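Visitor: Sequence:
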Amino acid sequence: MTNFALAFLAAGIGAGLSIIGAGLGIGKLAAAAMDATGRQPAAGGDIRTTMIIAAALIEGATLFALVVCILLAIKA
1 MTNFALAFLA AGIGAGLSII GAGLGIGKLA AAAMDATGRQ PAAGGDIRTT
51 MIIAAALIEG ATLFALVVCI LLAIKA
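Start counting the sequence shown at 1; every next residue gets the next number (UniProt numbering).
These are computed hints drawn from the structure, not numbers from a lab. Remember, it's a predicted structure, so these values are computed and weren't measured experimentally. Incorrect hints may appear among the rest.
Claimed, not checked - What follows is a list of derived Cβ distance ranges for each label pair:
#	residue 1	residue 2	range
1	ALA42	LEU66	54 to 60 Å
2	GLY44	ILE70	25 to 31 Å
3	ASN3	ALA30	23 to 29 Å
4	LEU57	GLY16	16 to 22 Å
5	VAL67	ASN3	17 to 23 Å
6	MET1	MET34	41 to 47 Å
7	LEU6	LEU66	17 to 23 Å
8	ILE53	LEU24	25 to 31 Å
9	ASN3	ALA61	39 to 45 Å
The C-beta atom is built at its ideal place from N, Cα and C for all residues, glycine as well.
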């Protein structure tokens, strides 16, 4: 395999791992938010706001990881 092919393979693996990590993180976040809302329904609005902010941070980190993977693949 050439360096070009290995770079794209590594970028694909890195992108896949970052997406899997984000999916697991957001899944755990949503499960915890649903549990908290079930325990205290009056705080549902605050819990939802906090969950959306945390999900946005996870998505931002995932997007950064994807951009790094693509840049490393293109640079090779």
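Visitor: Would you pick out the hints that fail for this structure and give their numbers low to high?
Guide: Hints 1, 2, 3, 8, 9 are the ones this structure does not satisfy, whereas the remaining hints hold.
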